[in-house]
Amino acid sequence: MNVTQILFWFLSVLALFGALMVVTSKNPVHSVLWLIATFFSISGHYILLNAQFLAIVNIIVYAGAIMVLFLFVIMLMNLNKTTEPKKNRWLKLAGGVAGGCLLLVFIAALKSSEITQQTAEVKTGDIGLIKNLGRELFSTYVVPFEISSILFLSAMVGAVVIGKKE
Amino acid sequence: MQNALQIAWLIPLFPLLGFLINGLGRKHLSKSAIGVIGSGVILASFVMSIWVFLQVKDGNTHVADYFNFISVGDLSIPFAFQLDQLSSLFLLIITGVGFLIHVYSASYMHEEKTEHFGRYFSYLNLFVFSMLLLVMGGNYVIMFIGWEGVGLCSYLLIGYWFKKAEYNKAANKAFIMNRIGDLAFLIAIFWIIKKVGNVNYHDVFQFAGENKFSTADITGITLLLFVGATGKSAQIPLYTWLPDAMAGPTPVSALIHAATMVTAGIYMIARSNVLYSLSHTTMNIVAIVGLATALLAATIALKQNDIKKVLAYSTVSQLGFMFLALGTGAYVAAVFHVMTHAFFKALLFLGSGSVIHAMGGEQDIRNMGGLSKKLSVTYFTFLVGCIAIAGIPPFSGFFSKDAILLSAFEKSPVLYGIALFTALLTAFYMFRLLFITFSGKFRGTHEQEHHLHESPAAMTIPLIILAVLSIIGGFVGIPEALMHGGDKLSAFLSPVIKPHEGTPVSHSTEYGLMALSTVLVIAMIIAAWFKFRNYQRSEAAGFGKVLENKWYVDELYDKIIVNPLNKFGGFLNSFIEKFVIDGVVNGVGRIVNYSSRQLRLLQSGQVGSYIFLMVLSMLVVFVLQFFLRK
Amino acid sequence: MNALILSAVLGVIMMFSGVMLKQKSAVRNIAITGLFLLLVVNILEMSGMSFFRINTAGMMHFDRFSLLFNCIVFFSTFVYLLLSARDIEKTGNYYAEYFTLIFFILCGVILVSSFQSLLILFLGIEIISIPLYILTGSDKKNLKSNEASLKYFLLGAFSTGLMLMGIALIYGSVGSFSTAQINMTEKPGALMIAGMILLLFSMSFKVSAAPFHFWTPDVYDGAPTVFTSFMATIVKVAAFIAFIRLFGEAFGNLQPQWQIWIALITAATLFIGNITAVFQQSVKRMLAYSSIAQAGFMLLSLYAMNADAKEGLLLYSAAYSLATIGIFAVLIKMNDYTFDGFNGLAKYQPLLAATTTIFLLSLAGIPLTAGFISKFYMLKAAVATGRHLWLVIFAVLMAAVSVYYYFRVIQAMYFKEGQPGIITTSPVFKYTLVVLAALIIILGIFPNLLLNWYYF
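Residue numbers (this note's numbering), protein chains in the order written: chain F, 33 to 198; chain V, 43 to 672; chain C, 3 to 458.
Hint data in this document are derived by calculation from the structure and do not stem from the laboratory.
Since the model is a prediction, treat every value here as computed from it, not as a measurement.
Any given hint could turn out to be false.
[Stated by the list, open to error] Below are the DSS-like pairs computed for lysine-lysine, each with C-alpha atoms no more than 25 Å apart in a straight line:
1. LYS530(V) x LYS540(V)
2. LYS197(F) x LYS143(C)
3. LYS24(C) x LYS197(F)
4. LYS189(C) x LYS197(F)
5. LYS196(F) x LYS349(C)
6. LYS418(C) x LYS197(F)
Just chain F, with the same shape it has in the complex:
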């Protein structure tokens, strides 16, 4: 087990643990913080895959901008432990068990699958570099790239419609 593999496992465990904490934390602010931790570990994965640009974008956009927004909203609305609605304990338990089972089944099913590649691709390939990414994005994937503008536009219009006062 070399360093990259150790890093891979560490980041994976951190990401999963962070994600679990997001769901289980009672305090919304804690949830957001755990989410940031998760994003960071995912960015770490990107770096392991030699996709530095994505890693940075992920941190800037998600961990930086979006999470700050989340925090603002939570604080403005003054959400805390006590505002958390009471959930049916049995439902929670059942949900946990079902989700866990699903995870187990998934692992069992995919365990035998044919992935034999390495867990990390440090210094191999340069597809994740900003130059190549940009070239791909504006040649092969230009149509979906442009089309995604419709998606964002509709999301913006939607936000305005929902957010503006009647």
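We have chain F; now place chains V and C onto it with these hints.
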């Protein structure tokens, strides 16, 4: 002038248009408009039919395929019309007599409400349309469509005054009895399809001409067709509906139940003469059934007191004569009799309509008498009709009946004897009817006597025209013995119907037979005159009572068929329906309702439970897909 | 491609028209004209006149199937706007934006009907979904509308997650987003199968097939009725086209793997949709369940996946959308959405009642209506597979059950006494309804009028 045959599809189209206009516009059109449209379309068809007839007379026949009507697997049934000698003759009868009856109806039905008046005419036009389809069809399926169509119209018109339960019963009876025959007809069609693979007349007759049918097949098919014919043409055992059908308006009885629809069976057998000639068994059965019906109906007619019932039984009897002719191979004679019968029986029915009209709806001849003075036109035309049906030369009935008697004689003297006896009965009961109705003293109420009046011109003119036709209609078929080349009808029909093969009778024998029947008929008329000129009401007794009650055939049918069926139906209704069917149906409904209520609970409204259920089902699918499925 | 670009542009135009134009009717008319143009350029493209030549790198393909389907969608939307544009305006203040969102949704529909790459599919699905969350919640003062929007969003996000995960697994296995590439995989491994099943789940969610249908009744019931109409018809059939394209083109060779699951999902959907609809008291909610039930029938085409199935799905899309749009258009005009609200409608509004009856008959699949012939195609296609005949029998039984709840409305309109309240309708509304009813009957008698377009 080939055109007439090309546009022959107009002939049935006109009545169909009339049906649509009158049917849809019955609430908006005035009575006179309805009458003009209703009669006008038939007149148009009549004119076209004459045109077609002239073309056909010149030897042009035509089979027109319009489109593929049914196409299943190898079987393809075209929508085709066949215009030849036989169908053009029937076209003339249907549209010609039909037109006169339409004109008559416009006056006869004038007291109906406009809406019902329109309904009446639309039915009548629909009937003519179906009848035209029946005779013009180029294959058995198109004929069957027309066949069913006329059955339906007959049902609708018998039940025209639908508010009377009695009349509805009569309509049902007619319809159901006809259905029994129709079923046989349908099976025959299937049988033909199975054997020939096609229903076109041309192909079927060619198939038969090459002797490809086995004896069993040909006998089966012809017998089934004949059963179909007994339903429509009121022969034993399916004849009892016709007298009851008199519930309909009188012009309807004249058109449907005397002149046209009931002769559909004759048309069908005459059309299929190639098939029938191949089966002696069927021919004998047809002859015997026809003769038996003729005799039975004639005896019943002797004692009936309802003017229309007498005529109805007389129709049954005359139809029996036609079947006798068919059964003895004299197809031309049968068609000839259809034609003359159409004239004089329509005349008699319309005459009786005129009488009923004058009597304010009274139909019982015991309450009439001495009408000849007040209703002179009706009287004279009725007299002509009676002479024609009795068969006195040179009236039309003589020639056609003579042809039938002759062919019966050629077949067997016994048949001839019974047929002659029946003919004598015919003369007797017809003149009984005439004398009781028109001679002697008036026996009705004073009110009726005061009301008596001759019918309007719109009713009497058709009577006069029909009377003239009844007199001269027979001249198209003068027997060889009387005039060389006089039998124009046989010559005309010879391409469709093979000339009659039988042991020819010498001319002297033929003269003897004619003289014998004429003398005896006149004797019967004189006997009737003495017995009935001053009719007094009396109760029937002994055998007369049996006749008056129509040999109790209706009661018999009720006992052995109708009542058991009713009981069985009652059982199905009260037990099977209530407990088995209802139980199952309601049970299913209850289960659905119950599960609906339970399933509704799944929809809790909580996102958490929704996701939980989704995850659960995903889990199941994954487990099954990856671990249990091979 | 014509329609895609025009539709996006129209969306932008609508946005600005809300700012520039003060009159509501002007905005409405622009929207209706725009849709008409959309229909025209799409038909032009069908006849070979494409205005743009864009290299999509094999990610999209506008074939007859997708173009004809787009025609059906544009026509349905056109009819929908003719009938209900005024009611869209009544929902809230941002009427121009609602039209904008509708045009954007149409972009998504075009994408999902012609994708050749999972990327485009995902984009299309999202472009359809996000505006819908907004439209569902557009009645901001109504708590039910807000609740529905939130539920829809949460569950929709869940399904999006499933879809992304599925796509990721497939990409991991094949190394490509292209449907053709995916279909060429020999010996698909567990990764691929798992991805496919995840996609099956998320698409089932989009078409509201059981057991992923739970959002449907709540969202359809809570959303403003006029948008429910849009969601239940145009969006739903679009999801079906995506579904059938995905499983036909990307997983066609894996049919033995998924066919049984589709069969089971179909049966469950038919059962839950029809049986639950029986007990509903609100016509709107009944229609929500009915849309689930109809989805069950449309799933039969997926199950069969043959030529008949594709034809049948086109026909079904048209028949179902038109009839449902018609019913919703009438429902919007009602004051009371319960069955009792329809009591005596025939007496006061004979035309509305008569056309509604035709729509309901079509949904129930009574002969001589388009609904019958399209159901017939579905069953025919399913029978042609030669397997799982029980499914066909079950579908017919469930169709029989559906008659019950559809006829309850007819019964209320014609055989019950009541005062349905004053309903004012414009002449255009009435004429459109009559034309719609006539179309449904014409399609029922001559289905080839539509299907010939697929081949000529």
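Mind listing which of the numbered hints don't hold for this structure, in increasing order? Numbers 4, 5 and 6, in rising order.
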